[in-house]
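Undergrad: Listed below are the residues making up each chain.
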Amino acid sequence: MLKQLLRHLSCLMIFVFPLITHAKTLEHTPEVFDLHLSQSSDLGLSYLDSSEHLDASKSSTEVSEWSKYKVDLFDPQNGADGERLWSQTKLVFGVGVGVAGFIYILPENISNWEKNPDTVLYKKWAENVKAGPVWDNDSPLINYVGHPYFGGVYYQVARKSGYDQWNSFVYSALMSTFYWEYGMEAFAEVPSIQDLVVTPVGGWIYGEWAHNKEKEINANNGLVWGSTGWGSTALFFLDPVDSIARGINGWVGREFIKSGTAMISTRATHFRGNNEQVQDYLGLDLVLVF
Amino acid sequence: MLVGGLLLSTTGYAEEQVSTNIVELSIKSGYTDFTADRNLKGSPHGGAGLGLHMTPNWLFMLGYSSTHTEDTKTQQDDIWVRYYSLESLYFFVPDKPIRPYLTFGFGEMEIRGQTTADGGADSADYLWRYGVGLQYTINRQWGLRGDYQALRSHDLNSNNYSSNLTLAYRFGGGGY
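Protein sequences appear in the order of chains A and B. The first sequence lines up with residues 10 to 299 when you count with the working numbering. The second sequence lines up with residues 1170 to 1345 when you count with the working numbering.
Just so you know, not all the hints are guaranteed correct.
Said to hold, decoys possible - Looking from chain A toward chain B, a few residues come up when the C-beta cut is under 7 angstroms (computed):
id, residue
1, GLU74
2, LYS77
3, ASP173
4, GLN174
5, TRP175
6, VAL206
7, ILE214
8, TYR215
9, GLU217
10, VAL233
Claimed, not checked - Far from chain B, some chain A residues (derived; all Cβ distances over 10 angstroms):
id, residue
11, TRP75
12, GLY110
13, TRP144
Just so you know, the hints here were simulated from the structure itself, not pulled from any lab data. Glycine residues also receive a C-beta, built at the ideal position from the N, C-alpha and C atoms.
Could you put the whole structure together from the sequences, leaning on the hints where they help?
TA: Here it is, written out as structure tokens:
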């Protein structure tokens, strides 16, 4: 019992520990602040235009190193589109639950989902949640390529809704933790320690890179190496959903597809009806809303 | 992460943009001396870490390392030991090229291939780890760290010791 408690607490430590030290106001470090200011200039966000954010008159006791980690997800600031974010979130949840429900009602030999009448689905979920999180043994491809991509998709949902990097990271962390690890995936396997950290952190790195790369290509009239062919190929792989939606909307001459999202889906090691073990796989789910 | 995020949201106004330059990826190698109670031969290890520099003083990371060793009592020679832990590092004088630091963390050690008292081949133990180290800041993106840590076994109530050399990289233009 104590070990389980410690295990759960340890996974929260990466964020809880800073809170313990939050009360302590740290000294202002000019080098670090200068770097952030210069980097943010190309983000096109209005954070730095707001005088309250740059009010030099605030005393050093007010200026905590930790205050920059404010979360505005539930109170959109600086032009962030909370409605779009909420709409996309509902879409992800709805599709996930719908797909899971559909798979569950399929015959077992098609779905590969174990439907032991003695095992109630929510009990399986509760068992997995209670047993974790654990260090998983999934393939590196899933853990360190698939999950960061997955985290990057969540990240881009918030980033494209106008949120800054930190809020987009927090959104990705919330979705990967509660929608995926402790939500959908917990019906199949115990939550994973690596996934809880690697998905949002790796997703931040990948998602921000993809976000900027897409902007660069668009600013260059869709050209890569002077070619629109390379440009459209790159844009497709950076965000396949937006590319498909834009293409179809252009073809029909109106906003036929309203929104879309892409998700990497993974299935944990599981068993067929004959107890044959089935290995992990990766899949790409594309969702378009008309 | 949700709890942390929500609590942090109540902590004040935004001062500046947070960017990927707080993210650090690191690789490390070193040597582990096991407590005599483990009957494991000391051996070199390798590993990696992924973390966030939340402030110039604080780094929080997920760390992993593994080592291949042998049982000093039974001579079993194909034993794998892996550690993973959530670690925090507190850097003193973060504006200087050479920065002493303290480290503290909690994690688990898994031992595979060593026959246990009940006849099994695998075992696991929880660990508290703590230590001291020194970082040499090469430039804004790269840092080199050396540290010495005690890994306190929860079950055996004794210490393993680990020395580590870590090469760390910060994304987004860095910020060391």
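Undergrad: Hint by hint, note whether the structure agrees.
TA: Consistency of the hints with the structure:
1. GLU74: holds, 4 angstroms
2. LYS77: Because about 5 angstroms separates A:LYS77 from the closest Cβ in chain B, which is inside the 7 angstroms limit, the hint holds.
3. ASP173: Constraint on A:ASP173 satisfied, holds at 6 angstroms.
4. GLN174: holds, 5 angstroms
5. TRP175: With a closest approach of 4 angstroms, the A:TRP175 hint holds.
6. VAL206: holds, 4 angstroms
7. ILE214: holds, 6 angstroms
8. TYR215: This interface hint is violated because 10 angstroms lies over the 7 angstroms limit.
9. GLU217: The hint holds - A:GLU217 has a Cβ within 7 angstroms of chain B, the shortest such distance being about 5 angstroms.
10. VAL233: Violated: closest Cβ of chain B sits about 23 angstroms from A:VAL233, beyond 7 angstroms.
11. TRP75: Incorrect as stated: the minimum Cβ-Cβ distance to chain B is 6 angstroms, not above 10 angstroms.
12. GLY110: holds, 25 angstroms
13. TRP144: violated, 5 angstroms
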